Every structure is written in C-alpha cells, then in structure tokens.
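Let the hints inform the model, and build the full structure from the sequences given.
As you go down the protein sequences, you meet chains A and B in turn.
The first sequence begins at 728 in this note's numbering and counts up one residue at a time.
The second sequence begins at 11 in this note's numbering and counts up one residue at a time.
Hints listed in this document are in silico derivations from the structure and should not be mistaken for laboratory results.
If you're wondering where the values come from, they're calculated on a predicted model, not measured in any experiment.
Each residue gets a CB set at the ideal place from its N, CA and C atoms; glycine is no exception.
A hint or two may mislead.
Some chain A residues near chain B, calculated using beta-carbon distances under 10 Å [as the list claims (entries may be wrong)]:
(1) G780
(2) R903
(3) D907
(4) G971
(5) V1026
(6) F1031
(7) L1242
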Amino acid sequence: MTTKRGLKDRIADGEVDLQLSTDVLVIGGSLSGLWAAISAVQAGARVIVAEKGYAGTAGPIAAGSVGSYFIRPDDPSHRDVMVNARMPLAFGLADSRWGEIILDQAYKNMLAMAQWGYKWPTTADGRQRPGGITPNVLIFLRRKAEALGVRFLDHCPVLELLLSDGYAAGAVGVNRKNGDGWSVRAGAVIVATGGTAFLSGAAGTGGLTGDGYLLGAEAGAEFSGMEFTSQFHIVPSRGALSKGAYRGSWSTLTDNNGKTITLGRQTVKAILETGAAWDTFDRESDPELQKLIFSSNYVSTQFFDDAGIDPFKEKYQVDFICEGSIRATGGLDIDERLSTRVPGLYASGDVTSREKLNGAGPPGGGPAAAWAQGAGYLAGQSAAAFARRLGSSASDRKVEGAGAAGLRPLRTRRDDIVVKDVVGAVQEHMLALDKNYWRDGASLKASLVRYGHLWTELRDGLAGADDADPRAEARSVLRAREAAALLAAARWMNSSALERPETRGLHRRSDFPNLDPNQTHHLISGGVDQIWVKRRAVDPNALIKEAAAA
Amino acid sequence: MIEFLLEETCVGCDICADICPQDVFDTQASGPPVIARQEDCHSCRQCNLHCPVSAIHVSLLREPTPDLDRDAIVASGRISAYAEWLGWRKGKAPPGDKAHSLRLRELRGERAPDPGDRVRRQLYEVRDSNYL
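As structure tokens, then:
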C-alpha cells in the first residue's frame, strides 16, 4: 500500500488519473469555444472541450446577454456602415477586410442557428432579428455540439499546455468535482478562455482569470494590443451585472453636485472628482411605458427588485466596474488562420487580440460577440485541418508540460505566499479608476516594479497545498495557478500601457491625454519571467501577404 | 449573489451543482445540495434558470443580503421572474428568445442619435437591415 502523493506533485511529474486523446482540444466552453468545437467537429475532427466551469453556463454572456453585430452580406449600405464607417473608431489600427471576413462568418453562424431550429426574436410584423446572444443561445449551442459528437469535460480547468518539439500537443488539468488529474493529447489546441476582469465582481467573470494568456505565453505565443484592455462599465452600486443597455433615453446621469453628465469619461470624472455619480429613470412618465422599460430589461433591472429601489422615483448611485480585457481589444496575437505563432496552437474570442477587427477601440459586446462567433468558427476549421495533416500519430508524440509559475516552483514551496494577497495586490492597481481607467507613467512603473518582485516570489515558491479532501486540493492547485495568471496578465497589460505614451481608444493616459499620430503602430508583447514589448508597424497589406504566404 | 436554496421545495436532482460554473454547491448522499462556497458565486443565475422547481434565489447584488424575507420573494414570484423572462420552463431553456427590446422599441419609439455622432447616426439609419 502506498499513499497517493499530493495532486500538485503528481501533476508536476505528469502523473494523471485520466488520459484521453483527440484531434482538436478546445479550452473554454462559452460562445467562442462552442463555435470552435462545432466548426471542428463539422470539419471531421474528433473534438474535446475542456471547461473550468460548465460549458454553456460559464462566462459573462451566460450571466447576461449581448447584442452581436449582424451584417447582411447582400446589403451594401448596411455593410458599408458596419465595416467602413466604424474604421475611424479603430484609430488606425484595424483592417477593414478583417471586418468583412469575421462579420460574414458571424452572419453565417447566426443563420445556421436559425436553420437548426433556433427562434431569433421576431418583430411585430414577423421578421427575425438575429444577434441577441443570451444564455439560451449558449445552452442551444452546447446541445448542438453534443449532438454532433463533441465530448465535454466540464469542471475541468486546464493547468498547462503540453508541447512536443515546440508544437502544441494537448493539455493537463484537474477535475474539480473529484480531484483527479487529467490529460488530453491533441493534434491541435484552441484557446478560448476569455478575457479577465481581475475578479472585479462583474457578473459571470468569476472564472475569467486570464488563464489562456499564461498558457499561450508559456508555449511561446505573443500578444498584441495588451494596452487596449482598460474596459470599465457602468453598474449600479452594489450591483453585479455591468450591462449598460438597461439605461437609455429614459435615464439621466448626474455627478455628486447634480450636474448632468454623459456615460463614459464624464462618469469616471464625476466619481473621481465629485465623489459619486447617480442615475435615475426620469425621462419617461407614462406608467405603462415605465413598466415596459422595467420588464424589457429584466436581465438587468432585477437589481432594483433586489435592492428595493424604484429608479423611476429615486436616483441610485452608480459605479464604473472593471471589465478589463472582456469585450476589450488586446490579447493573443493571431494570424488570419487564428493561429498563434506556436504551431498547432489556435485562439479565438476575448482571449485573442481583436485589433484586426476594431483596432484601439471601441470596446463593446457587439464586435466582441461577432468576433467570438466568427473567429471561433474559423479557428475550429484551421485547427481541424492542422490535426488532419498531423494524422493519428499525433497522440503518440513525446510531450512535455509547459506550465511553470504557480505549478512548478523553482524552489521549495512556500506556505507564506497567500493567494488572496497576490490577487489583492493585482486588484489594487487593475480595479482602480485612477490607476487603470486613467493610467499614468509613474503608477505603471511602480506597479511593474512591485509585480516584478511578486512574480519572482511566485515563481520560486507558489504551488497549491496538499489536502486530505481531493476537491479542496484541486481548488488549491487551481487557485495558485489562477493567481499566477492574473499577475502575469497585469504585467503584460501594464508593460504595454507604459510603452504607449498617448491616449488612444481604450488606452487612456492622464499624463498623455491626446492621441499622437506618430504612435499609429501595434505593440506586441510576450515573455513570462522577462516581459518584453516591441513595436510593429501597421501594414495595410498584411492580410494579402499572409494569404499569399499560406 | 446566491441567497438561498429552498430545501423543502428542492427535489434533489443536483442539476444546480452539475451546471454551476463556479462550483458553489456540494452535493450530499441524500437530500438537497448545500451552498458550500457562497463567496465564489458570480451572480450568473444559471442555477436559478436550471432548477426545475424554482427553488434557488440569486440576486443581482455583489454581496449577500442580510435578513432576507424568503417567503416574500417566493410569494411575489420574484424567485422565478428571470427564468420566465427568458422563457425557461421547469429548468429547460426554450430554443429561442423573446423579443423584449424589439417590443420596447416598437411601442416607445427610438430617439435618433446626435447628428454629430456620425457612426451611431449611420447605424441608426440602417438598423432595419438587421432583420431577416
């Protein structure tokens, strides 16, 4: 009889309880991961989806809803507005052809759903309006993927990627329902883990700890636009759901002195300079329409029921809450096949850089949801083709775990590194309006020095704790890795933000409040222990060159 | 934030524990699941949607509410209001969505954006193309 060794040591040594193999492994099971899985299985690949939570209920869309861009390819004026008229909002960093590729694919996805039996909302005169991505959409896609033969590993967070001679070859993780370690060998891997809100409390973001960034960077992938990750949004104070659409032409925002303000920078200014911002639904007096406004937006207005507030009669305080890289722009740098620079490693959704679609901005659910669907589908196709070229011997490759910080400490594990404190140190900067909504060189530099020291400590001594309860042990191993991922994300973002001394789109510098035309370039970043940032020129012909090279 | 699970209503199917993306529940050998890690709840309301007997209340508040009146929340129908709004029945999702915001626009009309806001203005003008 031998006692089973601790989970962290077994994982570090590559010992797992469950070993599977597949053609395509998708990490993350929300909108983009589900579409990637459906696309890959339709292309003939065997597909496994590993999801930290439950595929179909995880992620921010499952907690609310989002209106996706929906563009009819056969309507030139519509297309022109959606693709070309929005280019100025990208501040020179987008490529309109990408808009067309992605938005056309998203259109096909939403049309396919209608063919599969999904009933999009219908107007009074009977026309369908696709584009509303709700919890119902996610469950529908999950069931569709199951019917097509996709295998789901729910409650199975990935801890590290497996590499074989520099190729992505699978992943290792834990099952948090039973504490088992698992591994999946795969011909290709798609990372669709979403962005991160640094655990700000925004609904649906509790599982989004930036895991995919760290998985990618450890394998050698790079980032683009990590400075365009400073997304904050309005939320009722004490409220959870940062979905702004519950407000509209019926509401008035004021600062703490009662002066009317607009949503966005003025709201942040009101909070920082007058102490608070307030909202009230005072522009609709018809009781029937008031009722309709409330009931139409119950996804959000449930808050008023819970808080005991009548927004038509009284003002209520609002916050601006960090959404970070969720429905923002920066992330893993990908080519036109949605491939990272690591062979066999693809990415889609919020974890990727969306600069190709909308440059430095604007943020928002519309482009993000279209990107999640379109890029997800294209990533699934690319990954399936890659796995097919490798053939069935892919699962026999000799592999190595790529995970380091929080998983394989360089020195003896230290009990005194408290995961909550690491997360707290990250949040202190990343959740603060005066540090991350408005950034400045001094505080960015200070945070990077602090985070650099903290990283060294984590790298040397952080790992999960052994525990007699296998589920508690799995949680501990996961939490250690998540803390490393959150800290790493903050370092790439702040390093990139420091290298862009100007204000452009989603990146705001209080010490450089204007756009500098000479900085119309991309910032590429990468590295794990040593982080680097470099410039890449905007190349209007990039897509054509990439296509020719392929 | 998950507020309570009505043990007397719960049928013990454990679906909430199965689908909770945040692993908030612990199941028991017999009887209802336990809210074991309330602080991990991220207010997605998926347990509320999936519960076949509407036995779970999730608020849209970031912190738990002290001294909550459970009976009032059940009696007023608030416990199942969100699920009904999304069209769920007995823990099952409909294959589609209601047209809440379309109705609001049809009945209340829509204020045209500021003419100076070129992009929003153009989007507003082509919005009818968004229909099939």
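Cross-check of the supplied hints:
1. At about 3 Å, the closest approach between the beta carbon of G780/A and any beta carbon in chain B falls short of 10 Å, and the interface hint on this residue holds.
2. At its closest, the beta carbon of R903/A sits 6 Å from a beta carbon of chain B; the interface hint therefore holds under the 10 Å criterion.
3. Taking 10 Å as the C-beta cut-off, the interface hint given for D907/A is violated, the closest approach to chain B being about 15 Å.
4. Evaluation of the G971/A hint against chain B yields a violated restraint, the C-beta minimum of about 13 Å exceeding 10 Å.
5. Using the Cβ-Cβ criterion of 10 Å, the hint placing V1026/A at the interface with chain B is satisfied: the shortest such distance is roughly 7 Å.
6. Annotation: interface hint on F1031/A holds; nearest CB of chain B at approximately 9 Å, less than 10 Å.
7. The interface hint given for L1242/A is broken, as the beta carbon of that residue sits about 17 Å from the closest beta carbon of chain B, more than 10 Å.
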